[in-house]
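K.L.:
So you can see what is in the structure, the chains are spelled out below.
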Amino acid sequence: MTQKASKKEKIPRQPMPEQAPEVRRRNFEEVPLGYSPETAVKEAQRCLQCKKPACVTGCPVEVDIPGFVGQIAEGHFENAIQTIWGKNSLPAICGRVCPQEIQCEGECILGKKDQPLAIGNLERFVADRAREEVACEFPAKAAPTGKKVAIVGSGPSGLTVAGDLLLKGHEVTLLEAFHKPGGVLVYGIPEFRLPKEIVACEVAGLEKLGLRIECNNVVGRTVSLDELFEDGYDAVYIGVGAGLPKFLNIPGENLIGIYSANEYLTRANLMKAYRFPEYDTPLAKGKNVAVLGAGNVAMDSARTAMRLGAEKVRIVYRRSRDEMPARAAEIHHAEEEGIEFYLLTSPIAFVGDENGRVVQMKCLQMELGEPDESGRRRPVAVEGSEFLLDCDLAVVAVGADANPLLTQSDPEISLNKWGYIIADPKTGKTTKKGVWAGGDIVTGQATVILAMGAGRDAANSIHDYLTIGW
Amino acid sequence: MFKIVKRETMADDTVVLNEIEAPRIAAKARPGQFVILKANETGERIPLTISDLDPERGTITVIYMVVGKSTALFQTLAVGDGYQDVIGPLGKPTDIEKLGKVVCVGGGTGVAVLFPITRGFKEAGNEVISIIGARNKDLLLLEDKMKAASDQLHVCTDDGSYGHKGFVTEVLKDVLDNHKADLVVAIGPVPMMKFVSKLTYEYNVKTLVSLNPIMIDGTGMCGGCRVSVGDETKFACVDGPEFDGHKVDYDGLMQRLNAYAQEEKAAYEQYCRLHQTD
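Protein chains in written order, with our numbering: chain A, 1 to 470; chain B, 1 to 278.
Calculated from the structure, these hints are not laboratory results.
Any given hint could turn out to be false.
What the hints assert, rightly or not - When the alpha-carbon atoms are kept at most 20 Å apart in a straight line, the in silico PhoX-like pairs for lysine-lysine are as follows:
1) K52(A) x K87(A)
2) K247(B) x K234(B)
3) K180(B) x K98(B)
4) K285(A) x K265(B)
5) K433(A) x K148(A)
6) K208(A) x K141(A)
7) K272(A) x K265(B)
8) K246(A) x K234(B)
9) K173(B) x K101(B)
Note that the coordinates shown come from a computational prediction; the quantities given were computed from them, not determined experimentally.
Modelling step: build the complete structure from the supplied sequences, incorporating the hints.
P.N.:
Structure below.
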């Protein structure tokens, strides 16, 4: 199976087999089907095994990419998963949801002339195989330290901190406000992009390592941070996410049929409203759906609406295609599924009927002007361009702000002017002794892998604190 | 699981009281706060304001009326059964202080929510005049408890089967004509709160209402419970559930409460059909 280096670049990037767009647009099954072992080996053989691998510098948790890819190329899949686990405890999730094109794959040398190595697909392959076919053997746990850590929020950063600290021998309890653990992985990212079974499996793996999980615990309401210390916890990590939906603040936004993306996706994913009435939580089904925003959450919302039977689903975005923040794969998948893009279009009001239900959206056409503070060209309204768009369901997916529920319950936690927690960028230490924070509640809305990176740093710092001191 | 330790039916079996083991919530909750309950794996998250609590027994009490599939499911839970999930305490507690004279107005199951608040104001040293109402005598809730928690209690029924015949607003008008009230607390169906607030606005008496819109998480994350209060959009789950009664957009609130009327009706009918054939 070995090939000469000169021939390696000639293997084309192996495409990911997927459900056909016309089929998947009406079901909630996962879209990509995964590599076969043969395809994975073939793809892995494309790797140039660079001496100074740029891909690793593009990875927020510095996974040894050439290492695990080399092991796949040799057919040593079990070794490959151990290599990944050394840096990343949630590879089945990251392989599916990381924006690889601006991280590892964006740095891949193969990408300069040809298509980059499909690192995400390979990571997913190894992780799925470990889950499905090989008994997961986690790395050994260190001797018990007798120290107790509470983790507030069970999303990607909380799960990372939990995994790391369990392995270092600490007792870890995860406190989750919802009735199921997983945070955004469970309430936010849809089944067709990240099957909930995978998240449940990752969580179950941590439980096998000794993780305790307390759902229905809204820290800040059910218990305070100080009470956690009184209960005997030695350290607390806050990874509660951003969690406050942004609205557009335009007229008519409280009409029936207008959802925040958080509500729309939580109903669909966590509450399984797509299986109503088998599940009791309902969700309005739109014929003409407008999704406002163009990030991953917007794509998830649009594709969910399509799967719930919409006739037309439109992404409405005030900037142009180049500025769309979603992963390339999500935009591509959405387009394949028949989602329409109304770019350079800015909603200015919703119009309702006599029952208070949204029926139309008033929009303005935009054009790109000078760059703004974010470096992106500022959209400017075209005079007299106002038009009406039929829409009986709208999802506002323009980002999230900092949810104040926990942060305002403890004055010792200092916040920045936007309400996010001030934490040391290297360690995650907050201004309250014994309390760390990371993920979206520190950085503002970002990606799963960045939240995990912050969790990794905080876990190291918490371990130092528990074994050496603050 | 959160075990039900006591269950009573009231008002012709359509209203049910559950005392539930939830020690953490019982230790923490204050009058005016609510919990979210979910009966089982496929269940909906239903917010209910806490009607009473016993920190020593570690229990909270909620009272609900059977109006749809989820509450019908709650109704099947017996003593010893439990809710899969109970989350709380959520929302801001009532701002209870000594003001002087407080009028507490409750309608329907709103009386269940009003009771701990009434007791709180009484214990804080206020003179409390309460007015409670229901469609008829059988549907009247917590008369004895409200009597004990108030200096004066007025009762009304729509059909005149007990107490004053007519609406709580008629009795309230009479009370406001004869007393200088410092605060009115009104909890009940949205139209009742709307008309109470309209009346107290004329009398220039500060009025608190407690809202129970549709919500999912109860922590400010979804915005489903948003309501227009004055010029602002508020989230009832974290900014409320109590608001200045003179500023709430009741018509908008009522529309949003009906957002899923069709789906709820279909689910309930299907549920009733299935359980008839059992």
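K.L.:
Please verify whether K208(A) and K141(A) have alpha carbons no more than 20 Å apart.
P.N.:
Holds, at about 11 Å.
K.L.:
Taking only the CA atoms, is the gap from K272(A) to K265(B) under or equal to 20 Å?
P.N.:
Holds. K272(A) to K265(B) sits at ~19 Å (cutoff 20 Å).
K.L.:
Is it true that the CA of K180(B) sits at most 20 Å from the CA of K98(B)?
P.N.:
Distance ~15 Å between K180(B) and K98(B) Cα, so the pair holds.
K.L.:
Given the hint that K247(B) pairs with K234(B), does the C-alpha gap stay at or below 20 Å?
P.N.:
Holds. K247(B) to K234(B) sits at ~11 Å (cutoff 20 Å).
K.L.:
Within a Cα-Cα threshold of 20 Å, do K246(A) and K234(B) meet the stated pairing?
P.N.:
holds (13 Å)
K.L.:
Taking only the CA atoms, is the gap from K52(A) to K87(A) under or equal to 20 Å?
P.N.:
The hint holds at about 18 Å.
K.L.:
Does K148(A) sit within 20 Å of K433(A), going by the straight-line distance between their CA atoms?
P.N.:
Holds, because 15 Å separates the two Cα atoms, which is no more than 20 Å.
K.L.:
Is the straight-line distance between the alpha-carbon of K173(B) and that of K101(B) 20 Å or less?
P.N.:
It holds: about 15 Å lies between the C-alpha atoms, which stays within 20 Å.
K.L.:
Against the 20 Å threshold, does the CA-CA distance of K285(A) and K265(B) hold or violate the hint?
P.N.:
At roughly 16 Å apart (the allowed maximum being 20 Å), K265(B) and K285(A) satisfy the hint.
Every hint from the earlier list agrees with this structure, and none is contradicted.
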